[in-house]
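Letter by letter, the chains look like this.
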Amino acid sequence: MAKKKDVLKRQFKRHKKVGKAPGTITYMGHREAAETKVTIIEYTDSLHKIHYPGDVGQIVAHKDTPTTSWVNIVGLSDESFIEKVGFHFGLNPLILEDIVNTQQRPKIDEYEDYIFGTFRMVYINDNNELIGEHVAMVLMQNCVLVFQELDYDVFNGVRDRISAKSGRIRTKDTDYLFFALLDSIIDNYFVVLEHISHKIETLEDELYENPTPEVARNIQQLKKEVLKIRQWIFPVKELVGRLIDSENPLISKDTKFFLRDALDHSYEINESLQIYREMAMSLMEMYMSNMSNKMNEVMKVLTIMSSIFIPLTFIAGIYGMNFAHMPELHWKYGYFLIWGIMIVVFIGMVFFFKKKNWL
Amino acid sequence: MAKKKDVLKRQFKRHKKVGKAPGTITYMGHREAAETKVTIIEYTDSLHKIHYPGDVGQIVAHKDTPTTSWVNIVGLSDESFIEKVGFHFGLNPLILEDIVNTQQRPKIDEYEDYIFGTFRMVYINDNNELIGEHVAMVLMQNCVLVFQELDYDVFNGVRDRISAKSGRIRTKDTDYLFFALLDSIIDNYFVVLEHISHKIETLEDELYENPTPEVARNIQQLKKEVLKIRQWIFPVKELVGRLIDSENPLISKDTKFFLRDALDHSYEINESLQIYREMAMSLMEMYMSNMSNKMNEVMKVLTIMSSIFIPLTFIAGIYGMNFAHMPELHWKYGYFLIWGIMIVVFIGMVFFFKKKNWL
Amino acid sequence: MAKKKDVLKRQFKRHKKVGKAPGTITYMGHREAAETKVTIIEYTDSLHKIHYPGDVGQIVAHKDTPTTSWVNIVGLSDESFIEKVGFHFGLNPLILEDIVNTQQRPKIDEYEDYIFGTFRMVYINDNNELIGEHVAMVLMQNCVLVFQELDYDVFNGVRDRISAKSGRIRTKDTDYLFFALLDSIIDNYFVVLEHISHKIETLEDELYENPTPEVARNIQQLKKEVLKIRQWIFPVKELVGRLIDSENPLISKDTKFFLRDALDHSYEINESLQIYREMAMSLMEMYMSNMSNKMNEVMKVLTIMSSIFIPLTFIAGIYGMNFAHMPELHWKYGYFLIWGIMIVVFIGMVFFFKKKNWL
Amino acid sequence: MAKKKDVLKRQFKRHKKVGKAPGTITYMGHREAAETKVTIIEYTDSLHKIHYPGDVGQIVAHKDTPTTSWVNIVGLSDESFIEKVGFHFGLNPLILEDIVNTQQRPKIDEYEDYIFGTFRMVYINDNNELIGEHVAMVLMQNCVLVFQELDYDVFNGVRDRISAKSGRIRTKDTDYLFFALLDSIIDNYFVVLEHISHKIETLEDELYENPTPEVARNIQQLKKEVLKIRQWIFPVKELVGRLIDSENPLISKDTKFFLRDALDHSYEINESLQIYREMAMSLMEMYMSNMSNKMNEVMKVLTIMSSIFIPLTFIAGIYGMNFAHMPELHWKYGYFLIWGIMIVVFIGMVFFFKKKNWL
Amino acid sequence: MAKKKDVLKRQFKRHKKVGKAPGTITYMGHREAAETKVTIIEYTDSLHKIHYPGDVGQIVAHKDTPTTSWVNIVGLSDESFIEKVGFHFGLNPLILEDIVNTQQRPKIDEYEDYIFGTFRMVYINDNNELIGEHVAMVLMQNCVLVFQELDYDVFNGVRDRISAKSGRIRTKDTDYLFFALLDSIIDNYFVVLEHISHKIETLEDELYENPTPEVARNIQQLKKEVLKIRQWIFPVKELVGRLIDSENPLISKDTKFFLRDALDHSYEINESLQIYREMAMSLMEMYMSNMSNKMNEVMKVLTIMSSIFIPLTFIAGIYGMNFAHMPELHWKYGYFLIWGIMIVVFIGMVFFFKKKNWL
Ligand SMILES: [Mg+2]
Ligand SMILES: [Mg+2]
Ligand SMILES: [Mg+2]
Ligand SMILES: [Mg+2]
Ligand SMILES: [Mg+2]
Ligand SMILES: [Mg+2]
Ligand SMILES: [Mg+2]
Ligand SMILES: [Mg+2]
Ligand SMILES: [Mg+2]
Ligand SMILES: [Mg+2]
Ligand SMILES: [Mg+2]
Ligand SMILES: [Mg+2]
Ligand SMILES: [Mg+2]
Ligand SMILES: [Mg+2]
Ligand SMILES: [Mg+2]
Ligand SMILES: [Mg+2]
Ligand SMILES: [Mg+2]
Ligand SMILES: [Mg+2]
Ligand SMILES: [Mg+2]
Ligand SMILES: [Mg+2]
Ligand SMILES: [Mg+2]
Ligand SMILES: [Mg+2]
Ligand SMILES: [Mg+2]
Ligand SMILES: [Mg+2]
Ligand SMILES: [Mg+2]
Ligand SMILES: [Mg+2]
Ligand SMILES: [Mg+2]
Ligand SMILES: [Mg+2]
Ligand SMILES: [Mg+2]
Ligand SMILES: [Mg+2]
Ligand SMILES: [Mg+2]
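Protein chains in written order, with this note's numbering: chain A, 142 to 500; chain B, 142 to 500; chain C, 142 to 500; chain D, 142 to 500; chain E, 142 to 500.
Excised from the complex, chain A in its bound form (with noise of 0.2 Å):
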């Protein structure tokens, strides 16, 4: 339990901004949140070298090198520090903003010699908590700035294809490489759409063996996450189809066509949270469902006892009775008598339920 509210109380933290000038660069995330960790892997078709720098200045010196840089920056608590790399690279104070602004909303941001983006990058992390992490990345001609909260990330594959000597990515410009880093993060929704899809099965699963009310608050919660993760995701089609109508010389027709490609899976993704959306309502009808049944047999059980041992109770207390002149009583088998007719009256009301389909 403790993971989910976790992960969705993230956002509570806009009111340190309120005031504040645009442009102010106030980090949203947690402050804990450790020092600030850079990695920039470096490559032509070529070349291919990863740099752990130790200042700005090391940082910056890649910026007009005709290879290829992939600066990774985790940790965005260091307001000062990512306000010098912004300065040095040239970006806009609004950008700085947004970049440490985690509770920012997915956007694409084109200005003359970069384009800003940033993204939820969604995943579940090594202790299976379910994470959206803001992701920001800036593409400029020769590299690409990408700036995480947290150190994990989607982008291993990426790593690979760009240390495998033969790979196309290598052969390619920044451009590439953002799409690239795009298409990592896009692709790993999949993987989250099956743990929804796997959470809904379970849950169904659940419904119907043992609903019991953490069942129902189970499915409360995913419906707020299935919610939260729309949230993240929706605006990611329309951001991926304006980068493909963009005439931006920052992006060639070569990747246009591989975004294309992404635009097509945004697509499919929303399609997809959509159903679950659906999928995930219909379970707590179902929840209600099956109380409503549960509900039918518990009183069936107390109309049958009661139905039955109700009358006959009556029929002995008759009998209990101390009247002077009760006839009855002093019947040789009046008592076995008795004992015949409640045997009948059983009998007839067992039939009854039957007849019913009650028992």
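Incorrect hints may have been included.
The list makes no distinction among identical chains, and a pair is therefore deemed to hold if it is satisfied within one copy or across any two copies.
[Claimed, not checked] Derived lysine-lysine pairs resembling BS3-like cross-links, with alpha carbons at most 25 Å apart:
# : residue 1 : residue 2
1 : Lys190    : Lys313
2 : Lys365    : Lys340
3 : Lys394    : Lys161
4 : Lys394    : Lys204
5 : Lys204    : Lys225
Read the hints as simulated data drawn from the structure, not as lab findings.
Using the hints, position chains B, C, D and E with the ligands against chain A.
Okay, now just chains B, C, D and E with the ligands, sitting in the frame of chain A:
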């Protein structure tokens, strides 16, 4: 039950692709799904031949011959074979990826030399299972490539019309063949709709006769099926519309005329699915209302039995008390008087319940 | 009940067409649906004749005469006859297919020499059944062809206005006749709406007076009828709009003026159907709330009876015990004291339930 | 109750028109609706006269005078009178039909010499009934014709402003008068919204205090009213928008400025209606939840009473048995011991229910 | 409770305006709402002064001075004062009407010399009440007029940034000030969203712990709040978009850049509100499911108690009968045998209920 689970769970394999480069050809279906079978139907107005090619070379030979060739490839698990075919026919790797991706959303992609489309062929197979089979089709100048996962298909009508010497199809070009195949897929959607419609009627009847929890579960299952089919069928109307608006010379004006008829059907199918969706939701409501009715009936029996016998038992209890001084006990007709009172009470209660319409 | 099932189940024949070539003329209605009857009303401002042609030749003769001819063909089961008519009037095979396809969705297709439309003629027939009859109409230079499935139609008003010498229709062209027929169909939708509205009011009244499960079933049936009618009527507003925007010289500016009035009505009908749909859904909610009320009433009776007599019976039970030493039993007024206590308990319970407003 | 039925049932007369030619002037309201009353307010900035014309001639005289004349015609049942007025003012028969069709959907039609509009004047009349009165207005160069069904209207504010010498309206043209009347209708929608809002609050309060079935029925009634009002008001925002976009010289740029203000209000009204609709639906949910609460309370009383006294009665029953050998019966304090046990059981049960929070 | 009613009921005054001429300045808020307070903040990059003008003349003096002046007017009940200010600043009467109409829907109107906008400033005031305060702003060449109803506002951040010598705002024009104020309003929406989100979580927790009818009522209240807030906030995103697309020279390209950031936030807020709306609806469902669970629990207790003790009491009743000939009564161990039987029945029932998982 098993059947439907199978159908609904087919989409759980996307994680296989995370991190792979776009254009990586990864089969997403059942690996065990058997060897690849290729059949080529070659025809002109005066010619009709069926080939079973032994290798890729014999397939590719049909690429540029002036006859019309329908290359039908069944089985998508042999990725290297698909790759070879794709290479020789000059297909883009992204397309090859979509061909073997059995979870691919229906789509149309136009290239310079060919038009690529994937669709869901939805049908009830010989085991009475509802199948949503991925099928990919490529329209080229002189041939139509069809890639499908399973042996069963809905194209026998087209095969018959080709083999019938006098059919219109024999006088037409590949674009008409492409249309005819698509038309068969769409026509078959009507059969699936009839299946759904029949299921709704059956469930509705069961609902009134014997609303077991099993029925509720089947309604739930039906809702999921309708959602799934909608996801499969929904994009088709837009795709057909795009073909009609396309300026690609591969599609003649004459064929567009026929496509408009298919478009018509696509709209009708979508509207009907929408109705079935609403009906399926209504079924659950009916189920709940039936539960409520049953409960009311159970409660009435309990209430009638209790309300009649509890007061009577109380009266009997009174005269079962052992007080030394209870004058009634010694009256000569006390016992019979009490019987009289009890009968009056009984009749009174029966009248009361009659008046309330509970009896 | 039988009636409605009939109406709702008419669409179960689409599988007949799977695999057939487009343009194959396959009647989808009731095969037994009798012979074909043709009537021709021919008129100008000064002329009015009714013909009952014996063969196709006598029908086709009206194609090019300068008078206005309304060719009314009842019965669509004779496919070869329809084909012959179509051939002589120069109609496209795809249109002939739509004429005999009694499940065809309402549509308008414009051709060079004629405009083709199919609609649903919805009416309550003489047996008080709700019928959604397929009707196809072709507007040509000098005649209007009307194909309908059943004898009954809603065109008697138009026939009267034609036979009335002074009617505006006699001075107008075929496009106005086409409009007048369409207008009759649309006007009749209002009658069906009144029928639906009346049904809703009736069900609502039944709901409050005697909410039997039968009522729930009728509500369900009503919802299905509304859904079906909406599917039939919904496309009409778009079709009329398209006729108005058409640049086809067959439709005069003057007639478009009248079509705008029909468009107006189409919008109104759609809005009303939407409202009836919401009302029908509300009925089910009301039904459930009434069930809940009934249940509450039942439970209150049970609770009141039980709560009053169970404690009293307990008191009686106490003094029915056979202990050797029970002082109260030997008190002179013990029995009357106990009666007193029981009366006090009884009154107390009654007060309690009064206070709770359950009595 | 009677009142609302009246309002909601007014639309049941459309069948009167089936088969009639378009442009046939058929009054759809209450035939008995009294004689026609005509009032003409004529004004310029320096002139203000009220006329009660005796015949159509005296009315038509105002058509071409340079003063501004507001011709107000109350009562639409005299079809031949309306026809005569229409003829002399040069109105299209289709318009005359719409004027007397009291079920006409709100619409605007522009003609060369005049602009025609019908609206719903929704108000609470002097008998506190909610009325949706059909009103038709024609804007001409020198006069505005207003046709209304009932005597009551919402135009008194406009009459006052005209009679007040200094009002802006006296200096303006007919288009401003047309706007002022429309504005009065729209302003009055706010009053109806307040009425609905008040009804919702009242029902909500009743719901919590005393949720009788009557309340459920009133909620249902409210939902129908909101649906109806929405149908009446919904088209207005589009109509006003169309007037603003119109290039008709009858409407000055200055008046469009005021129309924009009315457009503003139309949007607001639609949004509020949407909210009221959602609130009305919520009321029913609240009702059901209250029913559920009541039921729970009833059941708790039953369960508590039964669970406490049934075991006690059993204990008393044990010692009411007549076995020859029952040692406890002969114990000196057996009776008191049993009382002790029963008190312990009683206290135990009370504690149990306290713990469950049922007491 | 009182608080929310207040907030929700503020719109009940529109009837005041019915029949008045448009442009009539009618204050719609609380008449008692105190005197008008005016503050002027005047600044350039090198200057910063705060004025408390004594009369309208001192206010209007700022209209044409080259410094940037923020004229903040608190209190809208003095209609003649507002009229005077409006007259001297050259504002259109329709605008003055909107300024004092505290129910005005958010809007933007562009005039030649100024841009007028009204918004809802939504905040939690010092008494922890949710307030939706009407605020109107006029952007002119050299000053920004702000009209607000209540003393409290969300602009203190802007005031601080102006008074801080080095802030960006000091170097910018009135359009930036206008943006900064709007941005403060929008930023504060996030705070309100957090409040709503917090309320949802609180209600959800209460729901599981103690689902009293009070909780249901609070959920209902929450739904109404979300609806209301949505109505207030919804138009903002379109208004900001319109400012961005405006070609009015009053808004510089640079400021549009910042407005785009605000647009971004508007979208995010709308999406979140949509989610909160769905969550609020889910809460009610959860409540109903919890009610159902409680009921099930109650019924189980009743059924278990009744089913166990009713048969036992029957057995005791049997041997409480007074028949002369009842052999068992005279068996030596008859009494103990009966106890044995009763214990067996008891254990049997307990096992039965264990097996049903009710214990
Ligand atoms: Mg989350
Ligand atoms: Mg969430
Ligand atoms: Mg989540
Ligand atoms: Mg894909
Ligand atoms: Mg998918
Ligand atoms: Mg999926
Ligand atoms: Mg499914
Ligand atoms: Mg499915
Ligand atoms: Mg399926
Ligand atoms: Mg259909
Ligand atoms: Mg169908
Ligand atoms: Mg068709
Ligand atoms: Mg139907
Ligand atoms: Mg129907
Ligand atoms: Mg029907
Ligand atoms: Mg209507
Ligand atoms: Mg109607
Ligand atoms: Mg329910
Ligand atoms: Mg009309
Ligand atoms: Mg209504
Ligand atoms: Mg109404
Ligand atoms: Mg009304
Ligand atoms: Mg409002
Ligand atoms: Mg309002
Ligand atoms: Mg509020
Ligand atoms: Mg306004
Ligand atoms: Mg609210
Ligand atoms: Mg509110
Ligand atoms: Mg933002
Ligand atoms: Mg957010
Ligand atoms: Mg948020």
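Verification of the hints:
{"no.": "1", "hint": "Lys190 x Lys313", "in the structure": "within (16 Å within a copy, 46 Å between copies)"}
{"no.": "2", "hint": "Lys365 x Lys340", "in the structure": "both (13 Å within a copy, 15 Å between copies)"}
{"no.": "3", "hint": "Lys394 x Lys161", "in the structure": "between (41 Å within a copy, 21 Å between copies)"}
{"no.": "4", "hint": "Lys394 x Lys204", "in the structure": "within (23 Å within a copy, 28 Å between copies)"}
{"no.": "5", "hint": "Lys204 x Lys225", "in the structure": "within (14 Å within a copy, 41 Å between copies)"}
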